[in-house]
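Just so you know, the sequences run in chain order G and Y. So for the first sequence, the numbering used here puts the first residue at 1078; every next one is plus one. So for the second sequence, the numbering used here puts the first residue at -18; every next one is plus one.
What the hints contain is simulated information worked out from the structure, not anything from laboratory work. One thing to keep in mind: the hints can contain errors.
Claimed, not checked - Incomplete in silico selection of chain Y near chain G, CB under 10 Å:
1) V(-10)
2) F1
3) I13
4) G17
5) F51
6) A73
7) A83
8) G87
9) A90
10) P93
11) L95
12) Y97
13) L108
14) V112
15) E120
16) Y122
As the list claims (entries may be wrong) - Covered, in the sense of this in silico footprint (three residues per stretch, anywhere, with C-beta under 8 Å from a C-beta of chain Y), are these stretches of chain G:
17) 1084 to 1093
18) 1152 to 1160
19) 1166 to 1179
20) 1206 to 1216
Note that beta-carbon positions come from the ideal geometry of N, C-alpha and C, so glycine has one too.
Listed here are the chains, written in short residue letters.
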Amino acid sequence: MTGFYVAAVAVVVSVAFGLYRALTDGRIRGARRRDAGLRLGAEQLGQELGSSATFVQFSSAVCAPCRTASRLLTDVVKDAPAVAHIEVDAETRLDLVEQLNITRTPTVVLLDRHGVIRHRIVGAPRKPDLLGALHEVLTDTAA
Amino acid sequence: MSSPQPTSVPKPIDPRGPRFGAAITSVVLAVILILGPGLGALILLIIQTIAFGLGSVVGLAAQPYGLVYFRLVRPRLSPPSELEDPRPPRFAQTVGLIFALAGLIGLVAQLPVLFYIAVGFALVAALLNSVFNYCLGCELYLLGRRALGRPLARIVPANQS
């Protein structure tokens, strides 16, 4: 009988966790308090920042949604020459992963033109959220 | 740095294969739990461990449930809309293998608590995978790397069939 209860608990836990993730994954978050003042530059990323904004995407080989996120971001920055998309292999850049306390892939951080972290998206991002966050950073920059 | 993939990217696979396999795995693990410690659970768990082991160590092409999908199910379906990198599902097989081995140790050493916890976690992972197409590697790999602070990459070799 114990095994039946363990199996039932496993089913409940998976459904609850799966639904929670489906609801919250990829939601845009403002910079958290520990991100305050954190900035990234070309010297850390090995690539020039965009002149108005930069999406920095942390990916890994064992991560299927990273491919989708990569395609999505490539598409988002395609028509915006002032916005850059930099993809970082989390495995080879554990230093950055530790510094930003990144726990899973994909994680996307949105930098403003000064390289300051403005938004964080953990999990597979959605296009409307990305565009919304980008718009916010861009309008802010223009002001 | 715009592309994180190593130079040798393994051949992409039909993503429905691993999900189909995870569904079978879920049923097998649930039956193992319900049977409880005993000969029946031992035999099923050995079979499941071998399945995980083949998928993890040899590659997804050798995973028995994947073979069932490829031989019997896929011919009846339309071609996949998108192909997927085999490394994420292979990592999931490795995680499953670790849980299954822990469960086996629990059975053999007569530690029922270990058996129930290990198989229970394996069932959660398999259900998340099959029902929600959940990416286990996305969550565990980086945490594991950060915790261990050394390369786990050799568990998931870059080149495979």
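Status of each hint after checking the structure:
Because the closest C-beta pair between Y:V(-10) and chain G is about 9 Å apart, less than 10 Å, the hint holds. Look at Y:F1: its Cβ only gets to about 16 Å from chain G, farther than 10 Å, so that hint breaks. Look at Y:I13: its Cβ gets to within about 8 Å of chain G, closer than 10 Å, so that hint holds up. Hint on Y:G17 holds. Least Cβ distance to chain G is approximately 4 Å, under the 10 Å limit.
Because the smallest distance between the Cβ of Y:F51 and any Cβ of chain G comes to about 19 Å, over 10 Å, the interface hint for this residue is violated. The closest approach between the C-beta of Y:A73 and any C-beta of chain G is roughly 8 Å, which is under the 10 Å cut-off, so the hint is satisfied. The beta carbon of Y:A83 is not positioned within 10 Å of any beta carbon in chain G (closest approach about 14 Å), and the interface hint is therefore violated. The interface hint given for Y:G87 is violated, since its Cβ lies 12 Å from the closest Cβ of chain G, which is over the 10 Å cut-off.
Look at Y:A90: its Cβ only gets to about 17 Å from chain G, farther than 10 Å, so that hint breaks. The restraint placing Y:P93 at the interface with chain G holds, with a minimum CB-CB distance near 8 Å, inside the 10 Å limit. Of the supplied interface hints, the one on Y:L95 is violated, with its beta-carbon coming no nearer than about 12 Å to a beta-carbon of chain G, more than 10 Å. Hint status for Y:Y97 relative to chain G: holds, with the closest Cβ pair at about 5 Å, below 10 Å.
The criterion of a C-beta within 10 Å of any C-beta in chain G is met by Y:L108, whose closest approach is roughly 4 Å, and the hint holds. Proximity of Y:V112 to chain G holds as hinted, the smallest CB-CB distance being about 6 Å (cut-off 10 Å). With a cut of 10 Å, the hint placing Y:E120 at the interface with chain G holds, because the nearest CB-to-CB distance is about 5 Å. The criterion of a C-beta within 10 Å of any C-beta in chain G is met by Y:Y122, whose closest approach is roughly 5 Å, and the hint holds.
Coverage of the region 1084 to 1093 of chain G by chain Y holds. Counting CB-CB distances below 8 Å, 7 residues qualify, and the rule asks for three or more. With a cut-off of 8 Å between beta carbons, the region 1152 to 1160 of chain G has 0 residues touching chain Y; three or more are needed, and the interface restraint is violated. Only residues whose C-beta sits within less than 8 Å of a C-beta in chain Y count toward coverage, and the region 1166 to 1179 of chain G has 8 of them, enough to reach three; the restraint holds. A count of 0 residues in the region 1206 to 1216 of chain G with a Cβ less than 8 Å from any Cβ of chain Y is obtained; the coverage claim is therefore unmet, three being the minimum.
The structure is inconsistent with the numbered hints 2, 5, 7, 8, 9, 11, 18 and 20, although it conforms to all the rest.
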